[in-house]
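We have chain F already, so just place chain R on it with the hints.
Protein chains: 2
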Amino acid sequence: MSGVAKRWFYNKRPKGDLESDTLALREVALAPLQPGEILVRTIYLSMDATNRIWLSEWDSYMPPIRIGDPMLGIMIGEVEESRNPAFPAGSLVSGIAPWSDRFVTDGAGFFPFPRFEGLDLADAFGVLMVAGPTAYHGLFEIGQPKPGETVVISAAAGAVGMLVGQLAKIQGCRAVGIAGSDEKCRWLTQEMGFDAAVNYRQGDLVEALRAATPNGIDVLFENVGGTCLDAGLTLMNNGGRVVICGLIASYNSTEPVPGPYMFRNMIMKRLKMEGFVILDHFDRYPEYQAKLAGWMREGKLKHRLHVVEGIDNALTALKLLYTGGNDGKVMVRMS
Amino acid sequence: MSGVAKRWFYNKRPKGDLESDTLALREVALAPLQPGEILVRTIYLSMDATNRIWLSEWDSYMPPIRIGDPMLGIMIGEVEESRNPAFPAGSLVSGIAPWSDRFVTDGAGFFPFPRFEGLDLADAFGVLMVAGPTAYHGLFEIGQPKPGETVVISAAAGAVGMLVGQLAKIQGCRAVGIAGSDEKCRWLTQEMGFDAAVNYRQGDLVEALRAATPNGIDVLFENVGGTCLDAGLTLMNNGGRVVICGLIASYNSTEPVPGPYMFRNMIMKRLKMEGFVILDHFDRYPEYQAKLAGWMREGKLKHRLHVVEGIDNALTALKLLYTGGNDGKVMVRMS
Chain F
1 MSGVAKRWFY NKRPKGDLES DTLALREVAL APLQPGEILV RTIYLSMDAT NRIWLSEWDS
61 YMPPIRIGDP MLGIMIGEVE ESRNPAFPAG SLVSGIAPWS DRFVTDGAGF FPFPRFEGLD
121 LADAFGVLMV AGPTAYHGLF EIGQPKPGET VVISAAAGAV GMLVGQLAKI QGCRAVGIAG
181 SDEKCRWLTQ EMGFDAAVNY RQGDLVEALR AATPNGIDVL FENVGGTCLD AGLTLMNNGG
241 RVVICGLIAS YNSTEPVPGP YMFRNMIMKR LKMEGFVILD HFDRYPEYQA KLAGWMREGK
301 LKHRLHVVEG IDNALTALKL LYTGGNDGKV MVRMS
Chain R
1 MSGVAKRWFY NKRPKGDLES DTLALREVAL APLQPGEILV RTIYLSMDAT NRIWLSEWDS
61 YMPPIRIGDP MLGIMIGEVE ESRNPAFPAG SLVSGIAPWS DRFVTDGAGF FPFPRFEGLD
121 LADAFGVLMV AGPTAYHGLF EIGQPKPGET VVISAAAGAV GMLVGQLAKI QGCRAVGIAG
181 SDEKCRWLTQ EMGFDAAVNY RQGDLVEALR AATPNGIDVL FENVGGTCLD AGLTLMNNGG
241 RVVICGLIAS YNSTEPVPGP YMFRNMIMKR LKMEGFVILD HFDRYPEYQA KLAGWMREGK
301 LKHRLHVVEG IDNALTALKL LYTGGNDGKV MVRMS
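Chains F and R, in that order, give the protein sequences.
Position 191, counted from 1, in the first sequence is what the numbering used here calls 191; the numbers after and before it change by one each time, with no gaps.
Position 80, counted from 1, in the second sequence is what the numbering used here calls 80; the numbers after and before it change by one each time, with no gaps.
So that you can see chain F by itself, here it is in the shape it has in the complex (with noise of 0.2 Å):
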C-alpha cells in the first residue's frame, strides 16, 4: 500500500489572471507500486512563469494540461519506495510531476538530481534546475555577449533574471536590469553587481533606460514581453541579439497581444533574436549546471530564494510570479 496523496487539479478555466478556483487541491489513493514503479515524496516545487502557458489552450511547446488533470510543476523529491533500480530508495529525483506531496511514476522523464558539494539542496535545485540553466542557455548560447558590451534584462530581480546579470558580468559585460519597483533596482546594484537598474512602473521607461545604457543595448534577454520588450528593442545596437526567454506580461491574457511596436528594427537594427525553452537542453545540464555550481561556490553567482511552505499554498505561490509580489525565486516546500 502506498497510502494516501495531497494533489492539485486542473478544476476551471481561468478568464485572465488565475483565480482561487483555478486549480482545486483533492486527496488521492496511491496505488501499491507495480514492478518498475517508485513512489517520491516531493520535497520542492518549482514554481515557474511557463506553468501559466501550461493551463492555455496555445498551441505550445508541450501539451496543454486538460480540466480535470492534475496541474504539473518541476519538482525535486526523495524516492521512498523503489521497484525500479534507476531509482533506488532514498536517492533524489526530479523531473516534470503532479503537484503532489507523494506521487507514484514509472520514472520516464525523470532523472536523478545529482548533489551538488557545499550546496543546500534548496539552492541547488532553485539555480540548478531551471533558473540557472535558462540564464546560461539563454545569455551565452543565444545572446552571446562580449566582454564590454551592454546587456539589458528585463524581470532583472526575477529567478532567471538575477541570475543572468550576474553571469553579464562575469563575462565582463555592463548588466542592466528592468524590475518593477525602487526596492528591487537598488537590491540589483547594491546586492546582484547590477551597473545600474530601472524601475518600469516609474516614469519613461524608454528615457529611464537610455539614459542607463549610454552605449545603446547589444544583448536584450526578455522575460516579460509588452513595455519592456519595445523599450529595449527602441534602444538596440546594430546588430543586437534578442533572447526570448519569457513573455510573462501576455501569458494571463485571453485576448490576442499585440507583439512589439518597434518591431521594425529587426530590420533598421539588423537584429537576431531567438526564442527557447530549457525543457529542450537537458543534454547540456552536466556543462551548465557544473559552470553554475562553481561560482555558487566561488560567491561569484548569487540568488535569492522564496520559499512558500506547505502544498496548500502552491496556488498563491504561483500567482506571486503574476503580480510581482515575490523576492527571487519562488519554491514551494511541500512538507
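All the given hints hold, so there is nothing to weed out.
In this list, chains with the same sequence are indistinguishable; a pair is considered to hold if it fits within one copy or across any two.
Computed list of lysine to aspartate or glutamate pairs in DMTMM-like fashion (alpha-carbon distance at most 25 Å, straight line):
no.	residue 1	residue 2
1	Lys272	Asp59
2	Lys272	Glu141
3	Lys169	Glu298
4	Lys272	Glu57
5	Lys15	Asp69
6	Lys272	Asp230
7	Lys319	Glu309
Think of the hints as simulated: they come from the structure by calculation, not from any bench.
Using the frame of chain F, we list chain R on its own:
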C-alpha cells in the same frame, strides 16, 4: 559646363501614404566637373519599398532624407564625362544617387556595374542589383532551408518574392507564396514554379495558408508584416527561421504599428528571426551575382520587370509598390 538636369526633391512629409506633393520635380544646374568628379547619365532607377523608409523620421539603417534634399534611389547609369580614372567615360556605374536624369559625384559610394554576358542591361540591373542579392542572402544565409522543407514568401509576386520562391525550388524546397490577387497567385504557380500561392485578400489567410503548407512552415521569408507575418508565425514548425526582409505594411504608417500577435511562437516554436539590409552585404555581391546570373542564363530563375517610362513618372512608379499595382520589379527608365 555640365548643363541642366531634372531632379526630384523631398517636398513635404506625407501624413501616411505617399502624396502627389510628397516629392517635387525641379530643374537644377550642374556645375562643371572638378578633378575626381564624374557626370553620370542615369539609365534606370530602381523603385524599392525601402525608399519610403528614407522619407520617415525613424531611427533607421541610414540617415533620413531631409525636406528640401534630393530624393534618393538605387540606380544604374553611364559615365558621360569623367575626371576620375576609377570611372572612365562610357562605363556603367551604380549606387545610391539622387532621382535625377544626370548628376555629378566624386564616385564615393558608387561602384562600376559589371557586364553580365548574355543578359540585357534591364534584366541584369533589375535582378542583380537589389532584388536578387536580397533574395539570395535572406534565403540562404539567414533562412538556411534544407531540401524538402517548406518556404513561405509574402509579397511573393514582388521583385524579391518571385526570386525567393524560385531559389527555394532550386534548393529542393516546397515554395508557397502569399500575394494580393488571384491573377498573381496563378502567375506564381504557372510561370514561376511555386508549389502553391495564397491570395491574402480573400478568405481566412491562416486557413488558406495552412492548407497550402501541409507540413508546416520551416522558413518564413517576410516582406510585408502585419497579417501576413502573423499567419506565417501561426504555422511555423519547431526550430523554424523567420527572415525579416521587409515590413511594407507598416512603412506608410504614421501611428505606432503593433508587432505580430503570434509573437509568443518565438518561444512556443523556438524560432530564430533575423532582419537584414542588403546594403550591408555589398562584399558578397560578386558571389551572389555570379550564381544568380548563372541560373538566369540557364532559365532556372525567371523574373518580370515593370518598367515605367520617364523621370516625370517616378513618384507614380514608387506608389505602385504600396498599392500592389505593379506586375514585377518596378524600375523607371529615365530617358
